[in-house]
Amino acid sequence: MAKAGRHLEGARTRERILDVAASLLAQQGYAATSISQICRAADTVPASIYWAFGSKEGLLAAVMEREAQAFFETLPVITRGDLDTEADQMARLFEARPEFLRLLLVLSLERRDGDPAILEAARRVRRRAIESIAAALEPSVPLDDGAHKRAACHDVARFALMLLDGAFVARQIDGESMKTRELFTTVATGVRAMLDHLKAQARADASAGARTRRKQ
0 MAKAGRHLEG ARTRERILDV AASLLAQQGY AATSISQICR AADTVPASIY
50 WAFGSKEGLL AAVMEREAQA FFETLPVITR GDLDTEADQM ARLFEARPEF
100 LRLLLVLSLE RRDGDPAILE AARRVRRRAI ESIAAALEPS VPLDDGAHKR
150 AACHDVARFA LMLLDGAFVA RQIDGESMKT RELFTTVATG VRAMLDHLKA
200 QARADASAGA RTRRKQ
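Per numbering that gives the first Met the number 0, numbering of the sequence shown is gapless, rising by one per residue and ending at 215.
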């Protein structure tokens, strides 16, 4: 019983440290957030952090992975409908978990010359984001060939993520003048334009193919 109690308390302490670290890192960045500051806010000692995470870099990786996991566990509730509906649902999701994108962008850039494991963790998160966006976009991509359709979905997903990156950075600079809903509407507008281009290209290819067949 005593051992089980210590294990439970250890798990609670770990989660408390991750909660505090996620908040401080998102607000202040990696360099400005010290282990001692995290300890004070989490009501623990440095030894607990080093025992659970090995290092400050290890804590950063754990924070990033946990936030990503929580985000992607919520993502499947999004309805695969029109882009405006999805933009609204995504805005609500990010409003519920505002730390996710801030942590991913700020910490990836800040630690790009640090521990390679941190950058690889960020890359895993982004790859998963691209896969999720691509899957949601698949019904809207007008291509019959499976391989081409998958490639196009991933291209559009990467484009959407780049737009989201830029919109998020703009919001950090402009402040609350850009609301979360406006941010995702901007992304949806860009994605819609790319999908329209793909549809126009598909029609042009179909017409060219039809002309070729008539000449044969």
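I should point out that these hints are in silico values taken from the structure, not numbers from a laboratory. Honestly, I wouldn't trust all of these hints.
[To be verified] Computed list of lysine to aspartate or glutamate pairs in EDC-like fashion (alpha-carbon distance at most 20 angstroms, straight line):
#	residue 1	residue 2
1	Lys198	Asp143
2	Lys198	Glu94
3	Lys178	Asp164
4	Lys198	Asp164
5	Lys198	Glu119
6	Lys178	Asp195
7	Lys178	Asp42
Verification of the hints:
1. Taken as a hint, the Lys198 and Asp143 pair is honoured in the structure, with Cα atoms around 12 angstroms apart against an allowance of 20 angstroms.
2. Of the supplied pair hints, the one linking Lys198 and Glu94 is violated, its CA atoms being roughly 32 angstroms apart against a limit of 20 angstroms.
3. Between the alpha carbons of Lys178 and Asp164 the distance comes to roughly 15 angstroms, so the proposed pair stays at or under 20 angstroms and holds.
4. Using a Cα cut-off of 20 angstroms, the hinted pair Lys198 and Asp164 is violated, with the two alpha carbons roughly 25 angstroms apart.
5. Distance restraint check for Lys198 and Glu119: the Cα-Cα separation of roughly 35 angstroms exceeds the 20 angstroms cut-off, and the hinted pair is therefore not satisfied.
6. In summary, the hint linking Lys178 to Asp195 is not supported, as the alpha carbons are separated by about 26 angstroms, beyond the 20 angstroms threshold.
7. Only pairs whose Cα atoms come within 20 angstroms are accepted, and Lys178 paired with Asp42 is rejected, the gap being roughly 34 angstroms.
Violated hints, in rising order: 2, 4, 5, 6 and 7; the structure is consistent with all others.
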